[in-house]
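Residue numbers (the numbering used here), protein chains in the order written: chain G, 1 to 446; chain D, 1 to 446; chain A, 1 to 446.
Honestly, the hints are just simulated from the structure, not real lab data.
Be aware that one or more of the hints could be misleading.
All copies of an identical chain are treated as equivalent in the list; a pair is satisfied when it fits inside any one copy or across any two copies.
To be verified - In silico lysine to any residue, SDA-like type, Cα no more than 20 Å apart, as pairs:
1. K411 / I102
2. K373 / W185
3. K232 / L424
4. K225 / S267
5. K373 / V231
6. K373 / S267
7. K425 / V231
8. K425 / R293
9. K425 / D292
10. K232 / N322
11. K373 / E423
12. K346 / L119
The residues making up each chain are set out below.
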Amino acid sequence: MTKFFTLITIFLMAPLCSIAIEEQLTEVSSSYINMDTLWVLLSAVLVFFMQAGFKTLETGLVKKEHRASVGSKNLLDLVAGIVGFFLVGFGFMFGTSYYGVIGIDTDLFLGNNFEHGTLGIPGVVFFLFQLVFAGTALTIVSGAMSGRTGLVPYFIGSMVTAIIIYPIFGHWAWGNLYYPNNGAWLADMGFMDFAGSTVVHTVGATVGIVGMIMVGPRLGRFDSKGNVLPVKVSDYSYSILGVMLLWIGWWGFNGGSTLSFSMDVFSIILNTNLAGAGACLSAFFFCYFFQDRSEVIEKMAGGALTGLVAITACCNVVSPINALIIGLIAGIIHNLGYDLILRVFKLDDPVGAIPVHGFGGIFGTLSVAIFGKEELLLLPRWEQLLIQGIGIEVCVVFTVIVSVIMFKIIKATYGLRVSPEQELKGMLLGRNMPEQFYNEETIHKV
Amino acid sequence: MTKFFTLITIFLMAPLCSIAIEEQLTEVSSSYINMDTLWVLLSAVLVFFMQAGFKTLETGLVKKEHRASVGSKNLLDLVAGIVGFFLVGFGFMFGTSYYGVIGIDTDLFLGNNFEHGTLGIPGVVFFLFQLVFAGTALTIVSGAMSGRTGLVPYFIGSMVTAIIIYPIFGHWAWGNLYYPNNGAWLADMGFMDFAGSTVVHTVGATVGIVGMIMVGPRLGRFDSKGNVLPVKVSDYSYSILGVMLLWIGWWGFNGGSTLSFSMDVFSIILNTNLAGAGACLSAFFFCYFFQDRSEVIEKMAGGALTGLVAITACCNVVSPINALIIGLIAGIIHNLGYDLILRVFKLDDPVGAIPVHGFGGIFGTLSVAIFGKEELLLLPRWEQLLIQGIGIEVCVVFTVIVSVIMFKIIKATYGLRVSPEQELKGMLLGRNMPEQFYNEETIHKV
Amino acid sequence: MTKFFTLITIFLMAPLCSIAIEEQLTEVSSSYINMDTLWVLLSAVLVFFMQAGFKTLETGLVKKEHRASVGSKNLLDLVAGIVGFFLVGFGFMFGTSYYGVIGIDTDLFLGNNFEHGTLGIPGVVFFLFQLVFAGTALTIVSGAMSGRTGLVPYFIGSMVTAIIIYPIFGHWAWGNLYYPNNGAWLADMGFMDFAGSTVVHTVGATVGIVGMIMVGPRLGRFDSKGNVLPVKVSDYSYSILGVMLLWIGWWGFNGGSTLSFSMDVFSIILNTNLAGAGACLSAFFFCYFFQDRSEVIEKMAGGALTGLVAITACCNVVSPINALIIGLIAGIIHNLGYDLILRVFKLDDPVGAIPVHGFGGIFGTLSVAIFGKEELLLLPRWEQLLIQGIGIEVCVVFTVIVSVIMFKIIKATYGLRVSPEQELKGMLLGRNMPEQFYNEETIHKV
C-alpha cells in the first residue's frame, strides 16, 4: 500500500513538475518574445539599410546634376512603399486568397489586425520585414529611370507598384507564408524563390525596363545614329559605399528570410558572402582583361550586386562551393548583360539595374534547380528547372503588362518626363539650388 | 501515517522542484543576459547611427565651405557627450534625487557603480542607451548654429549641455527610470514623453534657437533690409542619405525606449515608420503645390524627420492609423514652421533644426494627449493635455534661461563666432585644406 | 519502511525532476540557437560596417582624383579576403596546428566542415566573425598605399595577406580559439591581445608601412629636398562619416570578441567608447594648441581611431577610468606619431594608417600589462609587459619579412606602381570617367 502510494506520488509528481516546467518555459521561450522574432526584426533593420545603399549607389552613378533628384526619388519610393503596402499592399499579398489571384482580407488592410497569422513570430514583425522587401523592389526602378523622369509621375508609379504589381505577383509566389492554407499557385506548383530573386528583383527590374523604354534615353546618351556617347558619372567612390551598404543589408535580406533564427541562417549568410565576392572578382577581372577597362568600376560594383541577387533565390539549397561558383558566373553574366542592354538593345539604364536585378534575378532563380542539393528541391531537378522557368516567365509577362498600362496612363495624363531644360540643368530649378543647378525661376514639373 | 508522509513529500517536493526550476531558469532568463538586454544594447547601436545620420544630413545642407567644420562639430559633440555624460551627466539625470531638482549619486558619477539599479537590464547597458540619447540632443545644436560658430566655443556649449541642461531637465521627466523611488516631478505630475520628443528634441532645439540668436545669421543669409537671400547648399543628395540613416536609427530610438523586448516594441516601430512616411508625403506635396517648389528637398527631408520626432513621445499610446495622421500633420507643421522661422522671424537655421526638433517635438508631446488611447494615458485627456503643455513650457523656459547664460558667458570670454574671413572662406584655413578652402597661414579661432 | 520509501521517492524524484529540467533547458539554451550565437553574428554585421567606414574615411583623405581608385581597392580587398580566407586562410589560422607554426586542417579548408569546433557558437558563425576581422586587417593597407599603387598588384598583395600573413601570425596568437588543444605559441607564453590590437591592427599597419616604402611617396608629397608639400584632400567631412561608421563597428569588434553574450560585453563597450572619446579630445586640443592647426581634422579623426585601436587589446581587463586615460594618451601618441612618420621619417601615409593602427596597436597591446587589473592578467605585471613586447616584436619582424618578399616579387613581375600620368590624372583613364578624370584612351595598368 505504501509502495503504491509512493509510486502514485512519483507519477503524480512527474507531470506536475513537468507542467510547472512547461509553464515557466512557456513564458521564457514559447511566446512571441523569442530569438526568432528578434532576428527577423533585426533583419528588417538590415534590409532597411539597403534603402541607404541603393540611394548611395545610384547617386554616385548618375550625372552630378541629377544627384539630388535621384536621392529624392529614393526617399519618395520608400514612403510610397510604407503607406501603400500598409494600407492595402500587404493585404493583397498575404491576405486570404480570392481564387488564388489576390489576397482579400480586411484583417490585413490598414493594419487592422496582425494577430491571426500562424507564424512563430508576431504578425506585425512579419509585416515590417515584408515592408522593407517591398521597399527594395520599388527602389530598383528609381535607378533604371533616373535622370529624366519627373518626381510626381515617379511617385505615382511607385505607389501603383507597391499596391498592385508587387503584391499580386508576390501573392502567387509567397501568398501562403502568412496563412498556410492560402492558395499561392506558383508556390503550389513547386516554384522556389527563397528570398526573392524573382519576387523582388526581377519584378523591380521588369518595371524598370518598361519604364526605361517608355521614358526614353537621357539626352546625350546616344547620338543620332545610336552610338553610345560618354556620360560623366558623379562619384564612383560614393557608389562603392552603396555596394557595401547593400551587401550588409543582404545579410538580413537572405538571412532573415528563414523567418526564424535557425541553423540555416548561418550557412545562408556564408553563401551570400561567397556569391557576392565571387561575382565581384569575376566581373573585375573579366572587364579588366576582356572589356573596356574604363568601365571597371561599374562592372565590379554591379558584378558584386549581381552575385548577391543571384544567390538570393537559392542561398538555402546550395553548398558554399556552389555559392562561390554561382557568384563567379553571375559576375560574367552581369558584364555581358550590361553591354547587351547598352550596346545592343540601346537602352539607357544609368545605374545598370537591368543586368543586376533582371539578369541576376533570372539566373539566381534558375540556379535553384541547377545548383540546389537534390534533396532540398521540391521536385526532381529537371521538373524544378521547368517550374522555375515558368515562374520567371509569369513574372515578366504579368509585370510587363501591368506596368505598360500604368506608364501609358501616367504618360497620357500627368506626363512622365521632365523638360529638356530641366534634364540638362537639373530637375529642381530655383533660387536655392546647389551650385551645379542653374538659378532660374519657375519649375513646371519637378 | 504513510499517506501523511506521502502528502508531505508532495508538498515538500513541489516547492523544491519549483526552487530548482527557479534557480535554473534564473540562470537562463532572469539574469541580465536576456533578450531585453540584447535589444536595448542593439537599440543603442541604432541610435549611435543617428550620429552618422545627423552629420550627413547637416553636411549636405550647409554651404560647401562649411562641410568640414560642421562634420568636426558632429564629432566633437559626440565625444563631449560621452565624456561629460559619463563623468557627471548620467549621475545628475538618474542619480538619487536631491529634492527633486537634480540627481546626486556618487555611485553614478564616473561610472563608479552601475549595479544598484532595479531595471531588468544591466545598469551599464542603460547607461549606454542613455548616452546615445544625450548625444542626439547635443548634435541637434550643431546644425542650428552651423556655418559661423567656432569649434572651441561650440565644444564648450556641448559640454555644458551634456552635464547641466540635458541631465537636469531629463531628471525632472525621466529621473525615476533608474531608481523608481526617485522624485521626478514632471513625471510624478503625469507628464508623458515616451522616447523624448521633449526631453531630447525640444531641449536640443531650444539650445539651438538660443545659440542661433546669440551668434546671429550667417553673412549673406539676409540682405540689409532683412530679405532672405539665396544660399547654395553643398549636396542635397547627401542630406537624403542622412534622413535614411536617421530613420533607421529611430527604430532603436523609439523601439528601445521600452527598455525591454516586449510586444509593444513592434507596434512602436510600425507607428514610427508610418509617421515618418506620412510626414514626408504631406511635406512633399504641400511644398510642391503650395510653397516654393525649389525648396522641395529641404521640405520633404525635414518633413520626414518632423514626423519621426513627433511620434517619439506618443508611439506607445497611439494606433497605427493615428500614427499616420500624426505624420501627415507633422509634415505640414514642418513646412509652415520652416517658413515662419526663416521668413517671419528672420532666423538663420541652416539645416531646419527648429521646425524639425522644436515644432515637431512640441506637436508630438501634445499628441500624446490628443491622439493617445484614453486607457493608456495617465490622466483624463484634457488634464493630460494640460500637463503635456506644462512640461513643454517648463522645458523651454528652463533651457532658454540656462543656455542664454551659457552662451553669454562663452561670448564674453572665448567668443562665439569666427571671423568674417573664416566664415566666408572656410573655418579651417591652412596649407592642407581641401580645394574649397583658401590656402592661408594663420587661424586665430577655428 | 514507509518513511524509507518516501525518502527514496524524494531522492529519486529530485534528480528526475532536475533531469527533466535539464533536458528542457538544453533545448532552450544549450543548443547553438542561443543569445551567444546571435550576439556574435550581429557583431560580425557591425564589423562588416567597418568596411564601409574605412572606405569612407580613406576616400575623404585622398586627393579627389584618387577617390574612385581607393574605393575600388576597398572593395577588392574585401572580396580577396572573403575568398582567400574561406579557401585556406581560416584553416591556416584556426586548423589543427602543424608544430605550432600553421594550422593544417582539411575540415576548415574550403569550408568543408564547420561542425567540429568546441565553441559554444556554431563554427560557421565563428568563421563569419573571423572573416570580417581578416577583412579589417586587409583594408588598412589600402589607405597606406593609396594614390599610387595599381589595382591588380594591390589585389595580389591583399590575397597574399589574407592567406599567408594574417592567418599565420593569427595562428600564433589566437590559434587555440577554435580547437582549444592547439598549440598557439604566443598565447601559450601568456601573450594577451583580446580583440586584435596586434593581430589585426599592427599586422595591417606593418604590411602598410612596408608597402608604402616599397611603392614610394606620391608625386608632389615631398619636394626634391624632402620638404613636405601641401596636399589637397578631397573631403574632410566624408572622412568624419568614416570615423563614425568605424566607431559603431567597434562596438561589435570589441564587444563580439568575447564570443559570447556575457556581462563582460557591456563594460567592454563602455571602455571602447570612453577610449575613443578621450583620444579624440586629446588629439583635438593637442593639435589645436600645440601643432599645426590646419591639420586639426586629420588629427581629431585619426586620434579617435587610435583610441579605439588602443583599447582593442585591453578593453576586457581595464577599468572605465583607465580606458579614458588610455584614450587620452592614445590621442597624443597619434598626433606625435603622425608628425614623426610624415616629417621625420618622410613617409607618405595618405590616410595616417601607421600612427592609427601601428602606434595605436602597439600602445594598446602594451596597455594590457600597464593598465590591466592585476587579477585579470595571465602573468605578473612586469612579466606580462615583457611578453606583450615580445608578441609585438614577433608580429612586426614576421610581417616585415613576409611582406618585403611579397612586394619585391610583385614589383619585379607585375609592377607595383601606376604610371606618373595615371597618378596625376586619376588611375582609371577612359571615356566614362568622372569629370575630375581626364578623358583619354588607353590604360596600361589600372
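Hint numbers not upheld by this structure, sorted from lowest to highest
1, 2, 4, 5, 10, 11, 12
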